[in-house]
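J.: Line by line, the protein sequences give chains A and B. Each residue of the first sequence is one higher than the last, beginning at 1 in the working numbering. Each residue of the second sequence is one higher than the last, beginning at 111 in the working numbering.
Hints may be right or wrong, so weigh each one.
Going by beta-carbon spacing under 10 Å, a handful of chain A positions derived as facing chain B [as the list claims (entries may be wrong)]:
hint, residue
1, Tyr31
2, Ser33
3, Arg44
4, Leu45
5, Val88
6, Phe90
7, Cys91
8, Ala92
The hints are simulated quantities; they were obtained by calculation from the structure and are not laboratory data. Source: prediction; values computed, not measured. Heads up, the beta-carbon is just placed ideally off N, CA and C, and yes, glycines get one too.
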Amino acid sequence: NAGVTQTPKFQVLKTGQSMTLQCAQDMNHEYMSWYRQDPGMGLRLIHYSVGAGITDQGEVPNGYNVSRSTTEDFPLRLLSAAPSQTSVYFCASRRGYGYTFGSGTRLTVV
Amino acid sequence: DAKTTQPPSMDCAEGRAANLPCNHSTISGNEYVYWYRQIHSQGPQYIIHGLKNNETNEMASLIITEDRKSSTLILPHATLRDTAVYYCIVRVSYSGGGADGLTFGKGTHLIIQP
Numbered sequence: 001n002a003g004v005t006q007t008p009k010f011q012v013l014k015t016g017q018s019m020t021l022q023c024a025q026d027m028n029h030e031y032m033s034w035y036r037q038d039p040g041m042g043l044r045l046i047h048y049s050v051g052a053g054i055t056d057q058g059e060v061p062n063g064y065n066v067s068r069s070t071t072e073d074f075p076l077r078l079l080s081a082a083p084s085q086t087s088v089y090f091c092a093s094r095r096g097y098g099y100t101f102g103s104g105t106r107l108t109v110v
Numbered sequence: 111d112a113k114t115t116q117p118p119s120m121d122c123a124e125g126r127a128a129n130l131p132c133n134h135s136t137i138s139g140n141e142y143v144y145w146y147r148q149i150h151s152q153g154p155q156y157i158i159h160g161l162k163n164n165e166t167n168e169m170a171s172l173i174i175t176e177d178r179k180s181s182t183l184i185l186p187h188a189t190l191r192d193t194a195v196y197y198c199i200v201r202v203s204y205s206g207g208g209a210d211g212l213t214f215g216k217g218t219h220l221i222i223q224p
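Construct the entire structure; sequences and hints are all you get.
T.: What follows is the structure, encoded as structure tokens:
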């Protein structure tokens, strides 16, 4: 039982490049979400999904797209990376009350 | 979701009880209190949650005042591995519908001293 798996763990992008951060969970959780964490700050919600085929925006959705074609996967796409998107990204899933978080992807945009 | 206020940092001696306070004076009747912690840039970890009764699990105890305007997370015998940022979060019950996800503040950096 792997829990929530995020890949890659580290990534450096050039401004304007696009990429996809992967998130997969093997717990059959309905709810999944993406957060970003900037230095010295708490996590901020980017997008969330309440089930396959259903997504919605969180607090800071601009510059990011998501889709949920399966229960297991919830990828986060950066359309055109900007230095302001340099951050640590966390994916999470839940069925009941408590979220299970992945170990994060540290992204640097230069 | 109601806003929470936590001290930015606290110290506690190893082996002693760590008591982390949280004020949530604008909490609504259908909002729960959740606690998570984040150890050194790892993903946050769920600890405990409650509505109005005190709660205890294998990790911690949660004491909520009768007026529900504040709460305290208690780690009964703190160890060095409990050094982390602790987040107090207030939100409606997940079964009540509405947006999913959590709203994190800056939390309390708890440092356990040897």
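J.: When the structure is checked against the list of hints, which entries are broken? Sort them ascending.
T.: none
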